[in-house]
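Engineer: Please construct the entire structure, taking both the sequences and the accompanying hints into account.
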Amino acid sequence: MRKLLKTLVLLSLGFWFLLVVIPVIWLAYSSFKTNEAIFADPWRPPLLSAEASVDNYSRAWSKSHVGTYFLNSVVVVSSALFSTLLLSAMAAYGLSRVRVRGRRVIYYVFVAGMIVPTALTLAPLFELLRSLSLLNSLTGLALVYVAFSIPFSLLMLYGFFASLPEEVREAAVVDGASEWQTFWHVFLPMARPGLVTVAIFNFLGMWNEYLLALVILIEPEKQTMQLGIANMVVALNYRSDWGTLLATMVLAMLPVLLLYSVLHKRVVEGMIMGAVKG
Amino acid sequence: MYVKGHTYRSFLLFVGPPLLVYGVFCFYPTVAGIAGAFTEWDGYSQSQRFTGLANFRKMASDDVFWTALQNNLFLVAVPGILMLALGLYLAAALRDERTPGRSVFQFAYLFPNILAGVVVATLWSFVYSPSFGVVKGILEAAAGALRFAHLDSLASCLGLRELAGQAWLEPQYFMRALVPMLVWAGAGFFVVLFLAGMQNIPRELYEAARLDGASEWQVFRHVTWPGLSPITVAAVTFAIIGGMKTFDCIWVMTQQHVPDRNQVLGTYVYQQAFAEARMGYGTAVALVLLVITMGFVLLAQRVLTREKP
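From first to last, the protein sequence lines are chains U and D. Position one of the first sequence corresponds to residue 421 (our numbering), numbered consecutively onward. Position one of the second sequence corresponds to residue 500 (our numbering), numbered consecutively onward.
Don't read these hints as lab results, they were simulated from the structure. Idealized CB from N, CA, C, for every residue including glycine. A portion of the hints provided could be inaccurate.
Stated by the list, open to error - Pair by pair, the computed Cβ-Cβ distance ranges are:
no., chain 1, residue 1, chain 2, residue 2, range
1, U, L674, D, P670, 32 to 40 Å
2, U, Q601, D, A774, 16 to 24 Å
3, U, D461, D, V802, 48 to 56 Å
What the hints assert, rightly or not - The following residues of chain D were derived to be distant from chain U, with all beta-carbon distances above 12 Å:
no., residue
4, C525
5, A576
6, Y672
7, R675
8, L788
9, V802
Structural biologist: Right under this line is the structure:
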């Protein structure tokens, strides 16, 4: 009886595994099929080498602006990610190590940003960016990503910095290091594990973000991968080019998949911390 | 040891730049959003007129607002509960470290979670697409299997063949069609969360239960479940917030034109503020969304922390 139950439980685990994996595998192999082949039989993998080609990818990259979308995403995410880490670490260091009056209040002002829903800020952000000439600009989007990522990143790194012994800082100061040198050469390297977790968490959020990009980026040549895919879905109505769309989806999930495969443990860690603290 | 002026200068050096970016691009828009909810404002002209509670009075008699709120409640309740239940079940099944394939399962289950909402929605548009017919194929296969088992009447009773012919993303089925997709995409996160919680339960408790001859169910009921209560609070909170802020998948699957009966508050905010140029009203809806979400979260946390054994 117990044995039977165990088998049934294992079967259910395998069933959910297949449900999760099959659509992704289907997407991966179908992206190498021509549109005719997709329509003729959507299930059939391109078994013969003659049936498989990278045409969808080259067409997507050069003809459908996907190259531009991809580079835009890379530019926005990499600059926003770098700035988020630097600024959050600076704030975490200043708030946890430099003792001035009122720093608790400032800390709470930062952390309060975690409960701010994007929807509430859309209209004011649109107006603000327009008045700063940052509408329809990758810089504008990156700045907004940074601002929205600081609260959580700061919270995480603050915990990290606060747990490091004060003697380390005193030793560095006695050795004649400036405050900035102490931060850069002593504290940042020690906080590396925390920085990696925060970086992964923010990378996933920024790479996958859609709503803010939708409001801020207007012209096609400024758009990110997610906007590109959403627009291609609409375009299917008058030009059924499924192949290009499938190839674009694979390109959009490739960076995330790579990160996930290499740093699976850290991704899990980041998501759990995000849920428990957030 | 410290010179006062020097201390303030270095505080400013470290905290000033992040505070500036955060203040301008997050804190200010939030405050402006809360204030803007009480104004009339089209986003083009410079005029922003204070109208008091007019936006909220209008909302009370706005049918689309109520439909959207109902749809949000549906998304919190149905996919939310399914995800929590499935996540808890899969985590409990994976708890034993000797489970074959444990790490492969864990790796795969979380994967849909890290995909963009846009990608998930597009992928599922294929699943529901009449020209691909994944759902159609499955339903017809199910009907065929039932006929094979001489259960024709059951198949017709369930209306499988008629269902197979449906366009699933038509407005009348749309909200229900979202459920499998959201569960598919979201369950893995709850598996990971509950597994992490189970790892914090002392192993001795399980061994003691085993020695007492407890069944699997009794172990779950009396050891695992009570031990998970802090994680359960986080998981429920997450499910509520997730259901309330849904945007991407609806926006993409309706091809960026959401029919009234498929609106949720998130899409309605965007539609009002940007498509209809009613920024004040849209922002007021967003404020209500925030208040309702916080209300649910506080209520859930209160209920869950009170029922401690």
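Engineer: Take the hints in turn and mark each one as holding or not.
Structural biologist: Going down the list of hints, with the structure as the test:
1. In this structure the supplied range 32 to 40 Å holds for L674/U paired with P670/D, their Cβ-Cβ distance being about 34 Å.
2. For the hinted restraint 16 to 24 Å between Q601/U and A774/D, the CB-CB distance of approximately 52 Å leaves it violated.
3. A C-beta distance of roughly 51 Å is found between D461/U and V802/D, which places it inside the suggested range of 48 to 56 Å.
4. Not every Cβ of chain U is farther than 12 Å from the Cβ of C525/D; the closest lies at roughly 4 Å, contradicting the non-interface assignment.
5. With 12 Å as the threshold on Cβ separation, the claim that A576/D sits away from chain U holds: the shortest Cβ distance comes to roughly 20 Å.
6. With a cut of 12 Å on Cβ distances, Y672/D stays outside the contact zone with chain U, its closest approach being about 19 Å.
7. Chain U leaves R675/D outside its interface by the beta-carbon criterion, the shortest separation being 18 Å against a cut-off of 12 Å.
8. Not every C-beta of chain U lies more than 12 Å from that of L788/D, the closest at about 6 Å, which undercuts listing it as non-interface.
9. With a closest Cβ-Cβ approach of about 19 Å to chain U, V802/D is found to remain outside the 12 Å limit, as its non-interface label requires.
Hint violations for this structure: numbers 2, 4, 8, all remaining hints satisfied.
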